[in-house]
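Chain residues, written in single-letter form:
2 protein chains.
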Amino acid sequence: MLGNFSYCNLTKLYFGDESLDYLNTELPKYGKNVVLIYGGGSIKKNGIYDAVVKILKDNDKNVAEIAGVMPNPTVDKLYEGVEIARGHQADLLLAVGGGSVCDYAKAVSVSVNCDEDPWEKYYLRFEEPDCETLPVGCVLTMVGTGSEMNAGAVITNPKTKQKIGHVFADEKIMPKFAILNPKYTLTLPHYQMVAGIYDIFNHICEQYFSGEDDNTSDYISEGLMRSVIHASRSANENPQDYEARSNLMWAATWALNTLVSRGKSTDWMVHMLGQSVGAYTDATHGMTLAAVFLPYYRHILPYGVQKFKRFAVNVWDVNPEGKTDEQIAGEGLAAMESWMKELGLIMNISELGATEDMIEGIADGTLIMPGGYKVLDREEIVNILKECL
Amino acid sequence: MLGNFSYCNLTKLYFGDESLDYLNTELPKYGKNVVLIYGGGSIKKNGIYDAVVKILKDNDKNVAEIAGVMPNPTVDKLYEGVEIARGHQADLLLAVGGGSVCDYAKAVSVSVNCDEDPWEKYYLRFEEPDCETLPVGCVLTMVGTGSEMNAGAVITNPKTKQKIGHVFADEKIMPKFAILNPKYTLTLPHYQMVAGIYDIFNHICEQYFSGEDDNTSDYISEGLMRSVIHASRSANENPQDYEARSNLMWAATWALNTLVSRGKSTDWMVHMLGQSVGAYTDATHGMTLAAVFLPYYRHILPYGVQKFKRFAVNVWDVNPEGKTDEQIAGEGLAAMESWMKELGLIMNISELGATEDMIEGIADGTLIMPGGYKVLDREEIVNILKECL
Numbered sequence: 006m007l008g009n010f011s012y013c014n015l016t017k018l019y020f021g022d023e024s025l026d027y028l029n030t031e032l033p034k035y036g037k038n039v040v041l042i043y044g045g046g047s048i049k050k051n052g053i054y055d056a057v058v059k060i061l062k063d064n065d066k067n068v069a070e071i072a073g074v075m076p077n078p079t080v081d082k083l084y085e086g087v088e089i090a091r092g093h094q095a096d097l098l099l100a101v102g103g104g105s106v107c108d109y110a111k112a113v114s115v116s117v118n119c120d121e122d123p124w125e126k127y128y129l130r131f132e133e134p135d136c137e138t139l140p141v142g143c144v145l146t147m148v149g150t151g152s153e154m155n156a157g158a159v160i161t162n163p164k165t166k167q168k169i170g171h172v173f174a175d176e177k178i179m180p181k182f183a184i185l186n187p188k189y190t191l192t193l194p195h196y197q198m199v200a201g202i203y204d205i206f207n208h209i210c211e212q213y214f215s216g217e218d219d220n221t222s223d224y225i226s227e228g229l230m231r232s233v234i235h236a237s238r239s240a241n242e243n244p245q246d247y248e249a250r251s252n253l254m255w256a257a258t259w260a261l262n263t264l265v266s267r268g269k270s271t272d273w274m275v276h277m278l279g280q281s282v283g284a285y286t287d288a289t290h291g292m293t294l295a296a297v298f299l300p301y302y303r304h305i306l307p308y309g310v311q312k313f314k315r316f317a318v319n320v321w322d323v324n325p326e327g328k329t330d331e332q333i334a335g336e337g338l339a340a341m342e343s344w345m346k347e348l349g350l351i352m353n354i355s356e357l358g359a360t361e362d363m364i365e366g367i368a369d370g371t372l373i374m375p376g377g378y379k380v381l382d383r384e385e386i387v388n389i390l391k392e393c394l
Numbered sequence: 006m007l008g009n010f011s012y013c014n015l016t017k018l019y020f021g022d023e024s025l026d027y028l029n030t031e032l033p034k035y036g037k038n039v040v041l042i043y044g045g046g047s048i049k050k051n052g053i054y055d056a057v058v059k060i061l062k063d064n065d066k067n068v069a070e071i072a073g074v075m076p077n078p079t080v081d082k083l084y085e086g087v088e089i090a091r092g093h094q095a096d097l098l099l100a101v102g103g104g105s106v107c108d109y110a111k112a113v114s115v116s117v118n119c120d121e122d123p124w125e126k127y128y129l130r131f132e133e134p135d136c137e138t139l140p141v142g143c144v145l146t147m148v149g150t151g152s153e154m155n156a157g158a159v160i161t162n163p164k165t166k167q168k169i170g171h172v173f174a175d176e177k178i179m180p181k182f183a184i185l186n187p188k189y190t191l192t193l194p195h196y197q198m199v200a201g202i203y204d205i206f207n208h209i210c211e212q213y214f215s216g217e218d219d220n221t222s223d224y225i226s227e228g229l230m231r232s233v234i235h236a237s238r239s240a241n242e243n244p245q246d247y248e249a250r251s252n253l254m255w256a257a258t259w260a261l262n263t264l265v266s267r268g269k270s271t272d273w274m275v276h277m278l279g280q281s282v283g284a285y286t287d288a289t290h291g292m293t294l295a296a297v298f299l300p301y302y303r304h305i306l307p308y309g310v311q312k313f314k315r316f317a318v319n320v321w322d323v324n325p326e327g328k329t330d331e332q333i334a335g336e337g338l339a340a341m342e343s344w345m346k347e348l349g350l351i352m353n354i355s356e357l358g359a360t361e362d363m364i365e366g367i368a369d370g371t372l373i374m375p376g377g378y379k380v381l382d383r384e385e386i387v388n389i390l391k392e393c394l
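Protein chains in written order, with my numbering: chain B, 6 to 394; chain F, 6 to 394.
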């Protein structure tokens, strides 16, 4: 913990199989006009929509809806939502869904009172809002992104093939409250479940594999990773294992609410690569990360051997005796690869719809960020992407 | 994570060797009348007092002082502080010191507008405040209690020999902001440093050694414990090791800000025993915990072997091969005992001033709480205390 930093997270979390009741505690704190935001309609099939609408009515709220938020919310959908929220004079944006819905609600929140084009202001120029923002609440139905307790919001522009995340600096943009009911995640298809699990794990990796100092954050990360590995195996074997699903839900929140990055550098290149793949393929976010992970980390391993060795021993219980640092480090990544296969993750971008002729375009869309053990050049990006095919 | 729970922590933390500058960011948020609260005057010797007073003046604040807050703040000192805060019509209570000063500020905060006797209301009847509370800010100069990011406040009544902690339910009682500058801790005497280190470790133990479910919180605890062990060895060897001291400071905050107890049961008996010893001896808090730890945990080990085994393997790297569960569990506690001796902790209550004739009184003052692997009876308390002599 060598740097100067601040930490503040205002989100109130309600966790457990009875947590939706607490929507009754939160709603009276806000005005009458609520915009209910959700995705493709699965919440109408599993009863969550009806339960939420009943509580909104019981609390005498005047409700408008933004339905059909897609897995990679688009800039046109953002414009549409902003108009609805303005027309409804919204006092609260209530997101019911996964990370995409929650991200989208935050993007609407910073755009409703913004006089400029929010895509240009927030996603091309990375500016902070200078207008009033709307409070966001969240009822989480999928696990992975951590969006329920952070100030990040990813938006995609399909025309320019850009998928860009902005982590806003002001903690006021974080959801005011989030309701985390692990039961809601039990009905997710296996594909979505494991994509979410991988998203959690990858978030932790991207904050862990950077820096060479001794840092409490890295120890917390190791604990979270061990918990995710353990719980993911239980959930993969029995998706109805409430205990495992609840641990995954809680770990997901703490994997990306700023805690494990405090006082250290981070390396978000897997997200940069995966997001660019996502902009070309519209593939599930977690799968795009899983598909680029190994070629990227094998590429940078020689520049950060000590950390990869630590990862092998402390996270994967690799026995270091009689081995070189490189061997130990390699065995850690191999253990991770086995675990990824065990879960059934997609581990190449071809299966996600990417083709060789897209490589140059995906490379162009990949923002090169510092922070990793090796800052990549464009040629390395292209080579890594080819290995991902 | 099987239970229903909520989590919210409003404290804004500023961390690092330049963190005091952020007092300038926080002060304008509050009214003109500030009560500056501190302890025995060490902050006047090391320059922290002057630095804080200068910032208060630069921000045009009207300052009153409560000086001389003792390591175990007394109920009479609380009454005195309440009068000062009332007389000054305080808008902000600014605690500059360690956990005792910070606890004390929170106790004043809930008492200033309270019509009843705060000792009776909050410490004997454990009620929550039904009056307005005052905002508390904190500049931390010692490490251990975690008081900078929680809603707990321990107060001692020397007449009745009761040292009682109340963890208030409302997150609004947590400090609004806390300034954590590891440099301030570099000048602490070795005795205070290791007492603080042990306090951190024990907080984690008391939340870890309870329950038999699989819980992400326990994995986070294991990470924090590994960080504390590692950093404590560096700090013990070289107290001027800023990196080690900063990791200890950060781990201390997260060890007792409610995170690692979410969704699980906890066992606070070491604190109950230690606090009762403290009420009789006025000994340093962390040392009272160190002095009762081993006899207590050796007593309950047979009732929680699996968790003690996990502790041995995951925290102390005990090799489990070819050993019984009991052997592995015992080796974990033995490793912990060696570490405690290495740090130079006081590991019996006699050295803290307790004598055999106090045992019955200390046992009477020990609140028996459920949550542990074995709920003790009074005879067991007496026997454990005798082993602590």
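Treat the hints as calculated values from the structure; they're not laboratory data. A few of these clues could be false.
Since the list can't tell identical chains apart, any single copy or any two copies may satisfy a pair.
[Claimed, not checked] Straight-line C-alpha distance at most 25 Å; calculated DSS-like pairs for lysine-lysine:
#1 K50 to K82
#2 K59 to K181
#3 K164 to K126
#4 K391 to K346
Taking each numbered hint in turn, which are not upheld by the structure, reported in ascending numerical order?
Failing hints: none at all.
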